[in-house]
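Here is what each chain is made of, one letter per residue.
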Amino acid sequence: VVPGETALAFYKAKNPTDKPVIGISTYNVVPFEAGQYFNKIQCFCFEEQRLNPQEEVDMPVFFYIDPEFAEDPRMVNVDLITLSYTFFEAKEGQQLPVPGYN
Amino acid sequence: MSTAMNFGSKSFQPRPPDKGSFPLDHFGECRSFKEKFMKCLRDNKFENALCRKESKAYLECRMERQLMAQEPLEKLGFGDLIDGKPEKN
Chain A
2 VVPGETALAF YKAKNPTDKP VIGISTYNVV PFEAGQYFNK IQCFCFEEQR
52 LNPQEEVDMP VFFYIDPEFA EDPRMVNVDL ITLSYTFFEA KEGQQLPVPG
102 YN
Chain B
4 MSTAMNFGSK SFQPRPPDKG SFPLDHFGEC RSFKEKFMKC LRDNKFENAL
54 CRKESKAYLE CRMERQLMAQ EPLEKLGFGD LIDGKPEKN
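So the sequences go chain by chain: A and B. Going letter by letter, the first sequence gives residues 2 to 103 in my numbering. Going letter by letter, the second sequence gives residues 4 to 92 in my numbering.
Quick caveat, the hints were computed from the structure, so don't treat them as lab data. Some clues are possibly wrong.
[Said to hold, decoys possible] Now the in silico label distances, taken between C-beta atoms and shown as ranges: (1) A:15 / B:82: 32 to 38 angstroms; (2) B:38 / A:20: 26 to 32 angstroms; (3) A:87 / B:46: 26 to 32 angstroms; (4) B:48 / A:57: 23 to 29 angstroms; (5) A:68 / B:47: 21 to 27 angstroms; (6) B:47 / A:19: 24 to 30 angstroms; (7) B:47 / A:33: 18 to 24 angstroms; (8) B:56 / A:57: 25 to 31 angstroms; (9) B:50 / A:72: 21 to 27 angstroms; (10) A:20 / B:46: 37 to 43 angstroms.
[As the list claims (entries may be wrong)] Take a look, some chain B residues computed to stay more than 12 angstroms from chain A by CB distance: (11) 38; (12) 67; (13) 86.
Even glycine gets a Cβ: it sits at the ideal position worked out from N, Cα and C.
With the sequences and hints as input, model every part of the structure.
Here it is as C-alpha cells:
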C-alpha cells in the first residue's frame, strides 16, 4: 500500500452458534504511532451488526494511509502496519467509548 | 521490532470511519467481486496498486445494491480509473 492510495481489505466473521448474535467491533493499529496516519473511509465497525446462526460474512475496510506518514521521521523504519478488529457481542445499553460519534 | 514496553498513560483512541459503516452483505451479492479482488492480490504479491480496478468494481457492486452510500469515484481515490464518461449525478 502506498501512502495516499485508497485500499480495500477484507476480514471474515462467522457466528458458530445457533442463535443470532448482535455484535459491534472496534479496532486497533500497531505500531501505536502509525495509528494517527490510518484513515478509514468506510468499514463495518462502530455500528451494531447482526450475524444469523452459522452465518459467515465478509467484512470490508476501505482506507488509506495519510501521505504525511512518508514525511514523518519517526515512521522511517515502519514498513508494516497491522490493523486488527475485535468483535464484541453487544449488550443492551452498552455504549462503546467513541467520542463525538452519533 | 519495537520493545514490548507499554507506557500505560498512552491509549489508542479509535476514530469512526469518515463515510460511516458498510452494512453486512448477508446474501453475498458482491462476493464474486471480492473473490476476483483477492485472487488479483494473491497473483500480484498483495500489491494493492495492481488491483485497484478490482477494488473499484467491488465498491461499485456495493453501491449498485444499496450496500454502500453512493460516492463519486474520484472521492474514493479512483479518479484515474474512470472512463471519461460524464458523472451520473
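Hint check results:
1. A:15 / B:82: 32 to 38 angstroms: 36 angstroms, holds
2. B:38 / A:20: 26 to 32 angstroms: 29 angstroms, holds
3. A:87 / B:46: 26 to 32 angstroms: 31 angstroms, holds
4. B:48 / A:57: 23 to 29 angstroms: 27 angstroms, holds
5. A:68 / B:47: 21 to 27 angstroms: 23 angstroms, holds
6. B:47 / A:19: 24 to 30 angstroms: Roughly 40 angstroms apart at Cβ, these two residues miss the hinted range, so it is violated.
7. B:47 / A:33: 18 to 24 angstroms: 30 angstroms, violated
8. B:56 / A:57: 25 to 31 angstroms: 26 angstroms, holds
9. B:50 / A:72: 21 to 27 angstroms: Given about 23 angstroms between the Cβ atoms, the range holds.
10. A:20 / B:46: 37 to 43 angstroms: 39 angstroms, holds
11. 38: For residue 38 (chain B), whose nearest Cβ neighbour in chain A is about 10 angstroms away, the distance does not exceed 12 angstroms, so it is violated.
12. 67: 15 angstroms, holds
13. 86: Answer for residue 86 (chain B): holds, closest chain A Cβ roughly 18 angstroms.
The structure does not agree with the numbered hints 6, 7 and 11 stated previously, though it agrees with the rest.
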